[in-house]
Amino acid sequence: APKPAAAWSGIRSAKEDAEICTQRNIYTHDDEIVGGEDCLYLNVYTPKLPTEGDRLKGGYPVMIWLHGGGWVCGAGHSEFYHPKFLLDHDVVLVTVNYRLGPLGFLSTEDTTCPGNNGLKDQTMSFRWVHENIAAFGGDPNRVTIFGESAGGASVHYHMMSDLSKGLFHRAISQSGTGHCPWALTRPGSARRKAAKMGELLDCPSKNSKQLLDCLRTRDSVDIIATDRSFQVFGYCPMIPFRPVIEPVHPGAFLTEDPAFSTKHGRLLDIPWMTGLTSQEGALIAPGLYGRKNGELIRKLNKDFPNIAPITLLFGETCPEGEVKRVASEIREFYFGDAPIDNSTRFNVIDMYSDAWFTHAAYTAIRDYLEKQSSPIYYYYFAYRGSASFSRIFGDRDHNYGVSHADELQYLFPVGEQLFKDTPLSEKDHQMVDIITSLWYNFANSGNPTPEVSGQTPKWKPVRTRAFEHLHIGQDDVRMSENLILERINFWEDLQIRAALDNNGVPHQQKDEL
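Counted from 1, the sequence shown has number 393 at position 393 by full-length UniProt numbering; the numbering is strictly sequential.
Misleading hints may appear alongside valid ones.
Said to hold, decoys possible - With a cut-off of at most 30 Å between alpha-carbon atoms, the simulated BS3-like pairs for lysine-lysine come out as follows:
(1) Lys420 - Lys84
(2) Lys3 - Lys165
(3) Lys458 - Lys57
(4) Lys292 - Lys324
(5) Lys3 - Lys206
(6) Lys165 - Lys206
(7) Lys299 - Lys263
(8) Lys15 - Lys3
(9) Lys196 - Lys209
(10) Lys84 - Lys371
(11) Lys299 - Lys196
(12) Lys209 - Lys3
(13) Lys263 - Lys165
(14) Lys165 - Lys196
(15) Lys420 - Lys15
(16) Lys15 - Lys48
(17) Lys458 - Lys371
(18) Lys427 - Lys460
(19) Lys57 - Lys84
(20) Lys165 - Lys371
(21) Lys165 - Lys48
(22) Lys420 - Lys324
(23) Lys84 - Lys196
(24) Lys3 - Lys196
(25) Lys299 - Lys324
(26) Lys206 - Lys57
(27) Lys263 - Lys460
(28) Lys206 - Lys196
(29) Lys427 - Lys84
(30) Lys57 - Lys15
(31) Lys324 - Lys196
(32) Lys302 - Lys292
(33) Lys371 - Lys460
(34) Lys460 - Lys165
(35) Lys458 - Lys84
These are calculated hints, taken from the structure and not from any lab test.
Computed from a predicted structure; not experimentally measured.
Input sequences plus hints: build the corresponding full structure.
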(Lines of atoms letter the chains of each structure in order from A and count residues from 1; the text may use other names and numbers.)
(Lines give C-alpha, C1' and ligand atoms only; values in the text may rest on other atoms or scores of the structure.)
Protein backbone atom coordinates (compact mmCIF):
# COMPACT_ATOMS: atom_id res chain seq x y z
CA ALA A 1 0.00 0.00 0.00
CA PRO A 2 1.19 3.58 -0.62
CA LYS A 3 2.69 5.71 2.15
CA PRO A 4 2.44 9.50 2.54
CA ALA A 5 5.31 11.45 0.96
CA ALA A 6 8.02 13.01 3.08
CA ALA A 7 7.90 16.77 3.57
CA TRP A 8 10.37 19.05 1.79
CA SER A 9 11.97 22.22 3.03
CA GLY A 10 11.98 25.50 1.13
CA ILE A 11 9.98 26.04 -2.05
CA ARG A 12 9.47 23.13 -4.40
CA SER A 13 9.31 23.92 -8.09
CA ALA A 14 6.29 22.11 -9.51
CA LYS A 15 6.22 23.32 -13.10
CA GLU A 16 7.02 20.03 -14.83
CA ASP A 17 4.92 16.88 -15.03
CA ALA A 18 6.32 14.01 -12.96
CA GLU A 19 7.18 10.69 -14.56
CA ILE A 20 4.23 8.51 -15.58
CA CYS A 21 3.82 5.04 -14.03
CA THR A 22 5.49 2.11 -15.86
CA GLN A 23 3.24 0.96 -18.71
CA ARG A 24 2.83 -0.17 -22.27
CA ASN A 25 0.35 2.13 -23.99
CA ILE A 26 -1.29 -0.32 -26.39
CA TYR A 27 -3.08 2.49 -28.24
CA THR A 28 -0.26 4.88 -29.02
CA HIS A 29 3.11 3.08 -28.55
CA ASP A 30 2.44 -0.63 -28.56
CA ASP A 31 6.06 -1.62 -29.01
CA GLU A 32 7.66 0.15 -26.04
CA ILE A 33 7.38 0.26 -22.28
CA VAL A 34 7.67 3.72 -20.77
CA GLY A 35 7.51 5.43 -17.39
CA GLY A 36 9.01 4.51 -14.04
CA GLU A 37 8.21 3.46 -10.50
CA ASP A 38 8.70 6.89 -8.90
CA CYS A 39 5.38 8.05 -10.30
CA LEU A 40 2.93 8.68 -7.46
CA TYR A 41 2.40 12.39 -8.05
CA LEU A 42 -0.57 14.62 -8.65
CA ASN A 43 -1.01 17.95 -10.44
CA VAL A 44 -2.97 20.87 -8.95
CA TYR A 45 -4.35 23.67 -11.13
CA THR A 46 -6.06 26.65 -9.53
CA PRO A 47 -7.57 29.87 -10.92
CA LYS A 48 -5.68 31.80 -8.22
CA LEU A 49 -3.87 31.20 -4.96
CA PRO A 50 -5.91 32.33 -1.97
CA THR A 51 -5.36 35.41 0.16
CA GLU A 52 -6.32 35.40 3.84
CA GLY A 53 -9.70 36.92 2.96
CA ASP A 54 -10.37 34.19 0.38
CA ARG A 55 -9.79 31.46 2.92
CA LEU A 56 -12.59 32.76 5.09
CA LYS A 57 -14.97 32.51 2.11
CA GLY A 58 -14.36 28.79 1.76
CA GLY A 59 -12.68 28.36 -1.61
CA TYR A 60 -13.49 26.92 -5.02
CA PRO A 61 -15.04 23.51 -5.65
CA VAL A 62 -12.41 20.83 -6.28
CA MET A 63 -12.47 18.22 -9.07
CA ILE A 64 -10.10 15.22 -8.84
CA TRP A 65 -9.58 13.45 -12.19
CA LEU A 66 -8.89 9.69 -12.39
CA HIS A 67 -7.68 8.84 -15.90
CA GLY A 68 -8.83 5.84 -17.91
CA GLY A 69 -6.71 3.31 -19.77
CA GLY A 70 -7.92 0.01 -18.33
CA TRP A 71 -5.71 0.28 -15.21
CA VAL A 72 -2.99 -0.63 -17.74
CA CYS A 73 -1.93 2.68 -19.28
CA GLY A 74 -2.49 6.43 -19.03
CA ALA A 75 -1.46 9.17 -16.58
CA GLY A 76 -2.73 12.38 -15.05
CA HIS A 77 -0.14 14.41 -16.99
CA SER A 78 -0.88 17.76 -18.61
CA GLU A 79 -0.07 16.45 -22.08
CA PHE A 80 -3.57 14.91 -22.18
CA TYR A 81 -5.41 16.29 -19.16
CA HIS A 82 -4.53 19.95 -19.41
CA PRO A 83 -6.71 22.36 -17.39
CA LYS A 84 -7.43 24.96 -20.05
CA PHE A 85 -11.08 24.02 -20.71
CA LEU A 86 -12.19 23.32 -17.14
CA LEU A 87 -10.38 26.31 -15.66
CA ASP A 88 -12.58 28.62 -17.69
CA HIS A 89 -14.76 27.95 -14.63
CA ASP A 90 -13.90 28.73 -11.01
CA VAL A 91 -12.70 25.29 -10.02
CA VAL A 92 -9.52 23.70 -8.66
CA LEU A 93 -8.54 20.72 -10.84
CA VAL A 94 -6.38 17.87 -9.51
CA THR A 95 -5.11 15.11 -11.83
CA VAL A 96 -3.64 11.95 -10.35
CA ASN A 97 -1.15 9.22 -11.27
CA TYR A 98 -1.62 5.75 -9.80
CA ARG A 99 0.19 2.43 -10.28
CA LEU A 100 -0.90 0.39 -13.29
CA GLY A 101 -0.87 -3.18 -14.57
CA PRO A 102 0.56 -5.83 -12.24
CA LEU A 103 2.46 -3.12 -10.32
CA GLY A 104 -0.90 -1.65 -9.30
CA PHE A 105 -3.17 -4.67 -9.34
CA LEU A 106 -1.29 -7.96 -8.79
CA SER A 107 -2.95 -9.96 -6.01
CA THR A 108 -2.27 -13.31 -4.36
CA GLU A 109 -5.75 -13.04 -2.81
CA ASP A 110 -4.35 -13.27 0.70
CA THR A 111 -2.85 -10.72 3.08
CA THR A 112 0.67 -11.14 1.60
CA CYS A 113 -0.42 -9.19 -1.48
CA PRO A 114 -4.13 -8.43 -1.16
CA GLY A 115 -4.22 -6.24 -4.30
CA ASN A 116 -5.90 -2.97 -5.35
CA ASN A 117 -2.70 -0.94 -4.83
CA GLY A 118 -3.63 1.39 -7.71
CA LEU A 119 -6.98 2.17 -6.05
CA LYS A 120 -5.25 2.70 -2.69
CA ASP A 121 -2.92 5.18 -4.45
CA GLN A 122 -6.01 7.09 -5.57
CA THR A 123 -7.39 7.14 -2.01
CA MET A 124 -4.05 8.46 -0.77
CA SER A 125 -4.30 11.30 -3.30
CA PHE A 126 -7.81 12.13 -2.01
CA ARG A 127 -6.44 12.26 1.53
CA TRP A 128 -3.67 14.64 0.39
CA VAL A 129 -6.28 16.87 -1.28
CA HIS A 130 -8.45 16.79 1.84
CA GLU A 131 -5.53 17.96 3.99
CA ASN A 132 -3.87 20.45 1.64
CA ILE A 133 -6.21 21.80 -1.01
CA ALA A 134 -7.28 24.86 1.00
CA ALA A 135 -3.75 26.21 0.48
CA PHE A 136 -4.47 26.20 -3.28
CA GLY A 137 -7.84 27.93 -2.98
CA GLY A 138 -9.91 24.73 -2.96
CA ASP A 139 -12.76 23.87 -0.60
CA PRO A 140 -12.02 20.50 1.06
CA ASN A 141 -15.74 20.13 1.78
CA ARG A 142 -16.74 20.35 -1.90
CA VAL A 143 -14.69 17.67 -3.62
CA THR A 144 -15.95 15.82 -6.70
CA ILE A 145 -14.08 12.77 -7.97
CA PHE A 146 -14.54 12.08 -11.68
CA GLY A 147 -13.07 9.61 -14.11
CA GLU A 148 -13.60 7.88 -17.44
CA SER A 149 -13.53 4.17 -18.33
CA ALA A 150 -11.34 2.44 -15.69
CA GLY A 151 -11.32 5.87 -14.01
CA GLY A 152 -15.14 5.85 -13.96
CA ALA A 153 -15.20 2.35 -12.47
CA SER A 154 -12.59 3.50 -9.92
CA VAL A 155 -14.91 6.35 -8.90
CA HIS A 156 -17.76 3.86 -8.38
CA TYR A 157 -15.46 1.67 -6.25
CA HIS A 158 -14.49 4.65 -4.06
CA MET A 159 -18.20 5.12 -3.37
CA MET A 160 -18.22 1.56 -1.96
CA SER A 161 -14.92 1.64 -0.07
CA ASP A 162 -14.64 2.51 3.61
CA LEU A 163 -11.08 3.72 2.93
CA SER A 164 -12.31 6.66 0.84
CA LYS A 165 -15.29 7.66 3.00
CA GLY A 166 -15.46 11.33 3.93
CA LEU A 167 -12.85 12.39 1.36
CA PHE A 168 -15.27 13.43 -1.42
CA HIS A 169 -18.85 14.62 -1.71
CA ARG A 170 -20.01 14.01 -5.29
CA ALA A 171 -18.95 11.60 -8.01
CA ILE A 172 -18.96 11.27 -11.81
CA SER A 173 -18.44 7.91 -13.57
CA GLN A 174 -18.01 8.33 -17.33
CA SER A 175 -18.28 5.11 -19.37
CA GLY A 176 -17.34 2.81 -16.54
CA THR A 177 -18.78 1.40 -13.30
CA GLY A 178 -17.85 -1.36 -10.88
CA HIS A 179 -20.40 -3.57 -12.66
CA CYS A 180 -18.49 -3.66 -15.95
CA PRO A 181 -17.26 -7.21 -16.62
CA TRP A 182 -13.70 -5.94 -17.14
CA ALA A 183 -13.67 -4.15 -13.78
CA LEU A 184 -13.31 -7.08 -11.36
CA THR A 185 -11.16 -10.18 -11.05
CA ARG A 186 -13.21 -13.25 -10.27
CA PRO A 187 -12.12 -15.11 -7.10
CA GLY A 188 -9.28 -17.54 -7.79
CA SER A 189 -8.33 -15.87 -11.05
CA ALA A 190 -5.94 -13.29 -9.54
CA ARG A 191 -4.04 -16.01 -7.67
CA ARG A 192 -3.61 -18.00 -10.87
CA LYS A 193 -2.38 -14.93 -12.75
CA ALA A 194 0.10 -14.10 -9.98
CA ALA A 195 1.44 -17.68 -10.19
CA LYS A 196 1.70 -17.40 -13.99
CA MET A 197 3.59 -14.12 -13.62
CA GLY A 198 5.97 -15.98 -11.27
CA GLU A 199 6.58 -18.68 -13.89
CA LEU A 200 7.22 -16.12 -16.63
CA LEU A 201 9.79 -14.30 -14.49
CA ASP A 202 11.38 -17.41 -13.06
CA CYS A 203 10.02 -16.87 -9.56
CA PRO A 204 9.01 -19.99 -7.64
CA SER A 205 5.56 -19.80 -6.13
CA LYS A 206 5.33 -22.42 -3.40
CA ASN A 207 3.67 -19.74 -1.31
CA SER A 208 2.64 -16.11 -1.70
CA LYS A 209 5.50 -14.68 0.34
CA GLN A 210 8.17 -16.48 -1.65
CA LEU A 211 6.56 -15.40 -4.91
CA LEU A 212 6.28 -11.76 -3.84
CA ASP A 213 9.83 -11.57 -2.44
CA CYS A 214 11.15 -12.83 -5.77
CA LEU A 215 8.96 -10.55 -7.93
CA ARG A 216 10.25 -7.56 -5.95
CA THR A 217 13.75 -8.30 -7.25
CA ARG A 218 12.57 -8.17 -10.88
CA ASP A 219 12.76 -5.05 -13.03
CA SER A 220 9.43 -3.23 -13.44
CA VAL A 221 9.86 -3.19 -17.23
CA ASP A 222 10.17 -7.01 -17.26
CA ILE A 223 7.08 -7.29 -15.08
CA ILE A 224 5.00 -5.11 -17.43
CA ALA A 225 6.42 -6.93 -20.49
CA THR A 226 4.68 -10.17 -19.46
CA ASP A 227 1.38 -8.62 -20.61
CA ARG A 228 1.38 -10.33 -24.01
CA SER A 229 1.47 -13.77 -22.40
CA PHE A 230 -1.99 -13.13 -20.97
CA GLN A 231 -3.62 -12.27 -24.32
CA VAL A 232 -5.67 -14.89 -26.17
CA PHE A 233 -7.60 -13.04 -28.89
CA GLY A 234 -6.11 -9.70 -29.94
CA TYR A 235 -5.77 -7.81 -26.65
CA CYS A 236 -8.46 -9.94 -24.99
CA PRO A 237 -9.11 -10.84 -22.31
CA MET A 238 -8.47 -7.15 -21.66
CA ILE A 239 -6.96 -6.05 -18.35
CA PRO A 240 -5.46 -9.23 -16.87
CA PHE A 241 -4.75 -7.42 -13.57
CA ARG A 242 -7.85 -5.75 -12.19
CA PRO A 243 -9.42 -4.74 -8.91
CA VAL A 244 -10.06 -7.73 -6.67
CA ILE A 245 -12.16 -8.64 -3.63
CA GLU A 246 -9.67 -8.63 -0.74
CA PRO A 247 -9.69 -10.73 2.41
CA VAL A 248 -10.96 -8.64 5.32
CA HIS A 249 -7.95 -6.96 6.96
CA PRO A 250 -6.97 -3.46 8.12
CA GLY A 251 -6.35 -1.36 5.02
CA ALA A 252 -8.56 -3.45 2.70
CA PHE A 253 -10.11 -1.39 -0.10
CA LEU A 254 -12.82 -3.73 -1.41
CA THR A 255 -14.08 -6.70 0.60
CA GLU A 256 -17.25 -7.80 -1.21
CA ASP A 257 -18.53 -8.12 -4.75
CA PRO A 258 -19.63 -4.68 -6.05
CA ALA A 259 -22.84 -6.24 -7.39
CA PHE A 260 -23.63 -7.25 -3.82
CA SER A 261 -22.65 -3.84 -2.38
CA THR A 262 -24.91 -1.85 -4.70
CA LYS A 263 -27.80 -4.30 -4.47
CA HIS A 264 -27.84 -3.83 -0.69
CA GLY A 265 -27.19 -0.08 -0.83
CA ARG A 266 -23.75 -0.34 0.73
CA LEU A 267 -22.23 2.68 -0.97
CA LEU A 268 -22.10 6.41 -0.35
CA ASP A 269 -25.41 8.20 -0.72
CA ILE A 270 -24.14 11.25 -2.62
CA PRO A 271 -25.10 12.99 -5.89
CA TRP A 272 -23.80 10.79 -8.72
CA MET A 273 -23.53 11.45 -12.45
CA THR A 274 -22.92 8.62 -14.87
CA GLY A 275 -23.31 8.05 -18.59
CA LEU A 276 -22.26 6.45 -21.83
CA THR A 277 -21.25 7.31 -25.36
CA SER A 278 -23.52 6.00 -28.11
CA GLN A 279 -20.87 3.66 -29.58
CA GLU A 280 -18.83 2.52 -26.55
CA GLY A 281 -17.96 -0.67 -28.46
CA ALA A 282 -15.77 1.39 -30.79
CA LEU A 283 -13.13 0.83 -28.12
CA ILE A 284 -12.77 -2.74 -29.47
CA ALA A 285 -14.29 -2.92 -32.95
CA PRO A 286 -11.73 -0.75 -34.81
CA GLY A 287 -8.90 -3.03 -33.70
CA LEU A 288 -10.76 -6.11 -34.93
CA TYR A 289 -11.32 -4.58 -38.37
CA GLY A 290 -8.23 -2.42 -38.71
CA ARG A 291 -5.35 -4.47 -37.33
CA LYS A 292 -3.77 -7.48 -39.06
CA ASN A 293 -5.82 -6.88 -42.23
CA GLY A 294 -9.08 -7.80 -40.54
CA GLU A 295 -7.87 -11.26 -39.52
CA LEU A 296 -9.45 -10.89 -36.06
CA ILE A 297 -12.94 -10.09 -37.35
CA ARG A 298 -12.78 -13.13 -39.66
CA LYS A 299 -11.78 -15.27 -36.69
CA LEU A 300 -14.65 -13.91 -34.61
CA ASN A 301 -17.08 -14.74 -37.42
CA LYS A 302 -15.73 -18.26 -37.88
CA ASP A 303 -15.21 -19.30 -34.26
CA PHE A 304 -17.80 -17.21 -32.42
CA PRO A 305 -18.87 -19.86 -29.84
CA ASN A 306 -15.30 -20.16 -28.53
CA ILE A 307 -14.11 -16.56 -28.88
CA ALA A 308 -17.25 -14.74 -27.66
CA PRO A 309 -16.94 -15.88 -24.00
CA ILE A 310 -13.34 -14.58 -23.94
CA THR A 311 -13.75 -11.28 -25.79
CA LEU A 312 -17.22 -10.40 -24.43
CA LEU A 313 -16.03 -11.52 -20.97
CA PHE A 314 -19.17 -13.45 -20.02
CA GLY A 315 -17.16 -16.69 -19.80
CA GLU A 316 -15.82 -15.42 -16.47
CA THR A 317 -19.20 -15.32 -14.71
CA CYS A 318 -21.39 -17.67 -16.69
CA PRO A 319 -22.07 -21.18 -15.30
CA GLU A 320 -20.03 -23.56 -17.45
CA GLY A 321 -22.96 -25.45 -18.91
CA GLU A 322 -24.56 -22.22 -20.14
CA VAL A 323 -21.66 -20.70 -22.09
CA LYS A 324 -22.53 -22.15 -25.51
CA ARG A 325 -26.22 -21.23 -25.13
CA VAL A 326 -25.34 -17.63 -24.23
CA ALA A 327 -22.93 -17.32 -27.18
CA SER A 328 -25.53 -18.54 -29.66
CA GLU A 329 -28.24 -16.23 -28.24
CA ILE A 330 -25.88 -13.23 -28.54
CA ARG A 331 -25.00 -14.12 -32.14
CA GLU A 332 -28.67 -14.52 -33.03
CA PHE A 333 -29.71 -11.24 -31.35
CA TYR A 334 -27.05 -8.99 -32.92
CA PHE A 335 -26.54 -10.69 -36.30
CA GLY A 336 -29.43 -13.06 -37.08
CA ASP A 337 -28.20 -15.00 -40.11
CA ALA A 338 -25.79 -12.27 -41.24
CA PRO A 339 -22.02 -12.81 -41.19
CA ILE A 340 -19.78 -10.79 -38.88
CA ASP A 341 -17.95 -8.63 -41.43
CA ASN A 342 -17.78 -5.07 -42.78
CA SER A 343 -21.50 -4.98 -43.50
CA THR A 344 -22.33 -5.59 -39.82
CA ARG A 345 -19.75 -3.25 -38.30
CA PHE A 346 -22.29 -1.30 -36.22
CA ASN A 347 -23.81 -4.57 -34.94
CA VAL A 348 -20.35 -5.54 -33.68
CA ILE A 349 -20.03 -2.12 -32.01
CA ASP A 350 -23.44 -2.49 -30.32
CA MET A 351 -22.59 -5.98 -29.10
CA TYR A 352 -19.38 -4.80 -27.41
CA SER A 353 -21.08 -1.64 -26.11
CA ASP A 354 -23.72 -3.70 -24.33
CA ALA A 355 -21.46 -6.51 -23.09
CA TRP A 356 -18.77 -4.18 -21.75
CA PHE A 357 -20.61 -0.99 -20.71
CA THR A 358 -24.33 -0.46 -21.32
CA HIS A 359 -25.84 -3.26 -19.27
CA ALA A 360 -23.44 -2.51 -16.40
CA ALA A 361 -24.55 1.14 -16.37
CA TYR A 362 -28.17 0.02 -16.30
CA THR A 363 -27.55 -2.27 -13.31
CA ALA A 364 -25.63 0.38 -11.37
CA ILE A 365 -28.32 3.03 -11.95
CA ARG A 366 -31.17 0.65 -11.13
CA ASP A 367 -29.55 -0.28 -7.80
CA TYR A 368 -28.81 3.37 -6.97
CA LEU A 369 -32.39 4.35 -7.72
CA GLU A 370 -33.72 1.61 -5.45
CA LYS A 371 -31.39 2.06 -2.50
CA GLN A 372 -30.08 5.64 -2.37
CA SER A 373 -31.92 8.92 -1.90
CA SER A 374 -29.38 11.29 -3.53
CA PRO A 375 -30.00 12.35 -7.14
CA ILE A 376 -28.45 10.37 -9.96
CA TYR A 377 -27.92 12.14 -13.29
CA TYR A 378 -27.65 9.97 -16.39
CA TYR A 379 -26.37 11.13 -19.80
CA TYR A 380 -26.02 9.62 -23.27
CA PHE A 381 -23.31 11.29 -25.33
CA ALA A 382 -24.12 11.00 -29.05
CA TYR A 383 -22.27 14.01 -30.50
CA ARG A 384 -19.68 13.17 -33.15
CA GLY A 385 -17.15 15.95 -33.46
CA SER A 386 -14.33 16.52 -35.93
CA ALA A 387 -12.19 13.68 -34.53
CA SER A 388 -12.91 10.38 -32.82
CA PHE A 389 -10.94 8.08 -30.54
CA SER A 390 -11.82 5.15 -32.83
CA ARG A 391 -8.80 6.33 -34.84
CA ILE A 392 -6.35 5.41 -32.12
CA PHE A 393 -8.31 2.28 -31.21
CA GLY A 394 -7.20 0.70 -34.46
CA ASP A 395 -8.79 2.08 -37.64
CA ARG A 396 -8.21 5.56 -39.03
CA ASP A 397 -10.26 5.07 -42.16
CA HIS A 398 -13.84 4.28 -41.15
CA ASN A 399 -16.60 5.89 -39.14
CA TYR A 400 -17.40 4.06 -35.89
CA GLY A 401 -19.84 6.66 -34.57
CA VAL A 402 -19.29 8.27 -31.15
CA SER A 403 -16.56 6.13 -29.67
CA HIS A 404 -15.66 5.28 -26.11
CA ALA A 405 -13.68 8.27 -24.72
CA ASP A 406 -14.96 10.74 -27.34
CA GLU A 407 -16.46 13.05 -24.67
CA LEU A 408 -12.97 13.58 -23.21
CA GLN A 409 -12.22 15.99 -26.08
CA TYR A 410 -14.71 18.46 -24.61
CA LEU A 411 -13.43 18.31 -21.01
CA PHE A 412 -9.72 18.38 -21.83
CA PRO A 413 -7.71 19.40 -24.92
CA VAL A 414 -6.63 15.77 -25.55
CA GLY A 415 -7.09 16.27 -29.28
CA GLU A 416 -4.12 18.65 -29.42
CA GLN A 417 -1.90 15.61 -28.78
CA LEU A 418 -3.89 12.78 -30.31
CA PHE A 419 -5.52 14.41 -33.35
CA LYS A 420 -3.04 17.14 -34.27
CA ASP A 421 -4.27 17.29 -37.87
CA THR A 422 -7.91 17.87 -36.81
CA PRO A 423 -8.48 21.03 -34.77
CA LEU A 424 -11.79 21.52 -32.96
CA SER A 425 -14.53 23.09 -35.10
CA GLU A 426 -16.71 25.97 -33.95
CA LYS A 427 -19.42 23.43 -33.09
CA ASP A 428 -16.90 21.38 -31.11
CA HIS A 429 -16.03 24.50 -29.10
CA GLN A 430 -19.73 24.95 -28.28
CA MET A 431 -19.71 21.37 -27.00
CA VAL A 432 -16.70 22.24 -24.79
CA ASP A 433 -18.85 25.02 -23.27
CA ILE A 434 -21.82 22.71 -22.75
CA ILE A 435 -19.89 19.81 -21.20
CA THR A 436 -17.56 21.83 -18.97
CA SER A 437 -20.52 23.90 -17.69
CA LEU A 438 -22.59 20.82 -16.80
CA TRP A 439 -19.64 19.13 -15.08
CA TYR A 440 -18.61 22.31 -13.25
CA ASN A 441 -22.16 23.03 -12.05
CA PHE A 442 -22.46 19.50 -10.73
CA ALA A 443 -19.13 19.84 -8.88
CA ASN A 444 -20.15 23.23 -7.54
CA SER A 445 -23.65 22.41 -6.28
CA GLY A 446 -24.52 18.78 -7.01
CA ASN A 447 -26.93 19.98 -9.72
CA PRO A 448 -25.69 20.15 -13.36
CA THR A 449 -28.35 22.69 -14.44
CA PRO A 450 -29.08 25.05 -11.53
CA GLU A 451 -30.15 27.58 -14.18
CA VAL A 452 -31.41 26.63 -17.61
CA SER A 453 -29.47 28.16 -20.51
CA GLY A 454 -30.34 28.35 -24.18
CA GLN A 455 -28.04 25.42 -24.91
CA THR A 456 -29.23 22.93 -22.31
CA PRO A 457 -32.64 22.12 -20.84
CA LYS A 458 -33.16 21.28 -17.16
CA TRP A 459 -31.30 18.00 -16.60
CA LYS A 460 -33.67 16.01 -14.40
CA PRO A 461 -32.33 13.16 -12.27
CA VAL A 462 -33.43 9.57 -12.90
CA ARG A 463 -36.72 9.03 -11.06
CA THR A 464 -38.29 5.94 -12.64
CA ARG A 465 -37.45 2.73 -14.47
CA ALA A 466 -37.76 4.74 -17.72
CA PHE A 467 -34.24 5.92 -16.85
CA GLU A 468 -34.66 9.60 -17.69
CA HIS A 469 -31.41 10.92 -19.16
CA LEU A 470 -29.85 13.88 -20.93
CA HIS A 471 -29.34 13.06 -24.60
CA ILE A 472 -26.37 15.08 -25.87
CA GLY A 473 -26.81 14.82 -29.63
CA GLN A 474 -25.51 16.15 -32.92
CA ASP A 475 -27.94 19.05 -33.13
CA ASP A 476 -29.56 19.35 -29.74
CA VAL A 477 -29.38 18.51 -26.06
CA ARG A 478 -32.65 17.18 -24.67
CA MET A 479 -34.20 15.00 -21.99
CA SER A 480 -35.09 11.50 -23.17
CA GLU A 481 -35.96 8.09 -21.71
CA ASN A 482 -35.98 4.31 -22.26
CA LEU A 483 -32.51 4.23 -23.77
CA ILE A 484 -31.89 1.24 -26.11
CA LEU A 485 -34.47 -0.67 -24.11
CA GLU A 486 -34.61 -3.77 -26.31
CA ARG A 487 -30.84 -4.31 -26.00
CA ILE A 488 -30.87 -3.78 -22.22
CA ASN A 489 -33.75 -6.24 -21.80
CA PHE A 490 -31.89 -8.82 -23.87
CA TRP A 491 -28.91 -8.70 -21.46
CA GLU A 492 -31.20 -8.70 -18.43
CA ASP A 493 -32.79 -11.93 -19.67
CA LEU A 494 -29.49 -13.62 -20.60
CA GLN A 495 -28.63 -14.36 -16.95
CA ILE A 496 -24.89 -14.61 -17.45
CA ARG A 497 -24.07 -14.43 -13.76
CA ALA A 498 -24.49 -17.47 -11.59
CA ALA A 499 -26.02 -16.73 -8.18
CA LEU A 500 -23.07 -15.29 -6.25
CA ASP A 501 -22.35 -15.02 -2.59
CA ASN A 502 -21.08 -11.66 -1.32
CA ASN A 503 -17.48 -12.58 -2.10
CA GLY A 504 -18.40 -12.97 -5.73
CA VAL A 505 -18.06 -16.76 -5.68
CA PRO A 506 -20.73 -18.72 -7.59
CA HIS A 507 -22.60 -20.88 -5.07
CA GLN A 508 -21.99 -24.11 -6.91
CA GLN A 509 -18.21 -23.80 -7.19
CA LYS A 510 -15.41 -22.80 -4.88
CA ASP A 511 -12.12 -22.26 -6.64
CA GLU A 512 -9.07 -24.29 -5.62
CA LEU A 513 -5.57 -23.23 -6.58
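Okay, the hints, checked on the actual structure:
1. Lys420 - Lys84: Satisfied, since the Cα-Cα distance of roughly 17 Å is no more than 30 Å.
2. Lys3 - Lys165: With a Cα-Cα distance of about 18 Å, the restraint between Lys3 and Lys165 holds, given a limit of 30 Å.
3. Lys458 - Lys57: Answer holds: Lys458 to Lys57 is near 29 Å, not above 30 Å.
4. Lys292 - Lys324: 27 Å, holds
5. Lys3 - Lys206: 29 Å, holds
6. Lys165 - Lys206: 37 Å, violated
7. Lys299 - Lys263: 38 Å, violated
8. Lys15 - Lys3: The given pair, whose Cα atoms are some 24 Å apart, holds under the 30 Å limit.
9. Lys196 - Lys209: Holds, because 15 Å separates the two Cα atoms, which is no more than 30 Å.
10. Lys84 - Lys371: Since the Cα atoms of Lys84 and Lys371 sit roughly 38 Å apart, the hinted pair is violated (cutoff 30 Å).
11. Lys299 - Lys196: 26 Å, holds
12. Lys209 - Lys3: 21 Å, holds
13. Lys263 - Lys165: 19 Å, holds
14. Lys165 - Lys196: With Cα atoms ~35 Å apart, Lys165 and Lys196 exceed 30 Å; violated.
15. Lys420 - Lys15: 24 Å, holds
16. Lys15 - Lys48: 15 Å, holds
17. Lys458 - Lys371: Within the cut-off at roughly 24 Å; holds.
18. Lys427 - Lys460: 25 Å, holds
19. Lys57 - Lys84: 25 Å, holds
20. Lys165 - Lys371: Judged against 30 Å, a Cα distance of about 18 Å means the pair holds.
21. Lys165 - Lys48: Judged against 30 Å, a Cα distance of about 28 Å means the pair holds.
22. Lys420 - Lys324: 45 Å, violated
23. Lys84 - Lys196: 44 Å, violated
24. Lys3 - Lys196: 28 Å, holds
25. Lys299 - Lys324: 17 Å, holds
26. Lys206 - Lys57: Answer violated: Lys206 to Lys57 is near 59 Å, above 30 Å.
27. Lys263 - Lys460: 23 Å, holds
28. Lys206 - Lys196: The given pair, whose Cα atoms are some 12 Å apart, holds under the 30 Å limit.
29. Lys427 - Lys84: Since the Cα atoms of Lys427 and Lys84 sit roughly 18 Å apart, the hinted pair holds (cutoff 30 Å).
30. Lys57 - Lys15: Holds. Lys57 to Lys15 sits at ~28 Å (cutoff 30 Å).
31. Lys324 - Lys196: Distance ~27 Å between Lys324 and Lys196 Cα, so the pair holds.
32. Lys302 - Lys292: 16 Å, holds
33. Lys371 - Lys460: 18 Å, holds
34. Lys460 - Lys165: The hint holds at about 27 Å.
35. Lys458 - Lys84: Satisfied, since the Cα-Cα distance of roughly 26 Å is no more than 30 Å.
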